[in-house]
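Participant: We have chain A; now place chain B onto it with these hints.
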Amino acid sequence: MMRESLLWASFMKAALLLVIMLGFHMVMMNMHALLGFFGLHLGDVLEYSSVMERAASPLWTLYYVIFLAVALYHGLYGFRSILLETFPGSNAITIINSFVLIVGSIAFIYGTYILIQSYMLGGV
Amino acid sequence: MEKRVHRDNHLGLKGWAIAGKYGAERYLYLLHRITGLGLLTYLLLHVYVTGVRIQGEAAWAAKMAAVGTPFFKFGEFLVVVGFIFHALNGIRLLIVEFGYCIGKPERQEYPYVTSVTKQRPLTIAVLVLAGLLIALSGLEFFIL
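Quick note, the sequences are listed as chains A and B, same order. Residue numbers for the first sequence follow our numbering, so the first one is 5 and each next one is one higher. Residue numbers for the second sequence follow our numbering, so the first one is -9 and each next one is one higher.
Okay, chain A solo, but in the shape it has when bound:
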């Protein structure tokens, strides 16, 4: 089992990465008037053709895989901390660790599968 201090340090590094990655994602997806003010016109980023155009890019695909991993790690580590505090006890640790690991693995595998499928579809 990884040392708790290493998990905590990774949690903080993930937080810094997320501020940049999620901040960029939020601005790109929601702040079109603001971007227009700076001369950036992305069009309708939620239109299917636009979504699949990004999906066809290996760089965007890699970006989203890393983004997903970092976001899941940071979010689920935080959730784990809350659960451990709420349900103290040695028995609870194993259950909570397993639960968080299973949820994280399912979400990461599903999200990566979607990204790879989209990459293949977008590339057609």
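By construction, these hints were calculated from the structure, which means they are not laboratory data. Incorrect hints may appear among the rest.
In silico negatives: residues of chain A with every beta carbon more than 12 Å from chain B [what the hints assert, rightly or not]:
#1 26
#2 34
#3 63
#4 67
#5 76
#6 79
#7 100
#8 102
#9 105
Heads up, simulated DSBU-like pairs for lysine-lysine below, C-alpha to C-alpha not over 35 Å straight-line [claimed, not checked]:
#10 A:17 x B:63
#11 B:108 x A:17
#12 A:17 x B:4
#13 A:17 x B:94
#14 B:11 x B:108
Just so it is clear, CB atoms sit at the ideal spot from N, CA and C, and this is done for glycine as well.
Facilitator: Positioned in the frame of chain A, the structure of chain B alone reads:
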């Protein structure tokens, strides 16, 4: 002999908000947790919803129409608000974690000044910046 009474000092969820005389930072901590849980829930739903794109354009358009209502738009605004607060307050927590903005250890003399008081200007700066960014997002979402 006096009978010893076991007192459960584990407050659970109630302790997040009510366990004594909490300062402002304690309520920011509570809000940090709530926004964190909200963002995690959104992340898992977001991964599921955006996965629809591999089913084709019609399925994607139908899903986007379903989440394009004013209710979901307001929900999306709340996600942005939650992110702005969580990110800026998180940066404050990291700064404090690494020992910045809390002053150096010193001999305590009345009136006592704690590290919490010393980092208060940082808290105020974070809240002002969060307020400005949230107002800007509100303009973007509902006015522009």
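Participant: All the hints need checking, so say for each whether the structure fits it.
Facilitator: Now the hints, each set against the structure:
1. 26: violated (6 Å)
2. 34: It is violated; residue 34 of chain A is separated from chain B by about 6 Å at its closest Cβ, not greater than 12 Å.
3. 63: Per Cβ check, residue 63 of chain A is outside 12 Å of chain B; nearest 18 Å; holds.
4. 67: Residue 67 of chain A is indeed farther than 12 Å from all Cβ atoms of chain B, at 14 Å.
5. 76: violated (7 Å)
6. 79: violated (4 Å)
7. 100: Given that every Cβ of chain B is farther than 12 Å from that of residue 100 of chain A, nearest at about 15 Å, it holds.
8. 102: Given that every Cβ of chain B is farther than 12 Å from that of residue 102 of chain A, nearest at about 17 Å, it holds.
9. 105: For residue 105 of chain A, whose nearest Cβ neighbour in chain B is about 15 Å away, the distance exceeds 12 Å, so it holds.
10. A:17 x B:63: Status holds; Cα separation ~31 Å.
11. B:108 x A:17: holds (25 Å)
12. A:17 x B:4: holds (30 Å)
13. A:17 x B:94: holds (25 Å)
14. B:11 x B:108: The hint holds at about 19 Å.
Hint violations for this structure: numbers 1, 2, 5, 6, all remaining hints satisfied.
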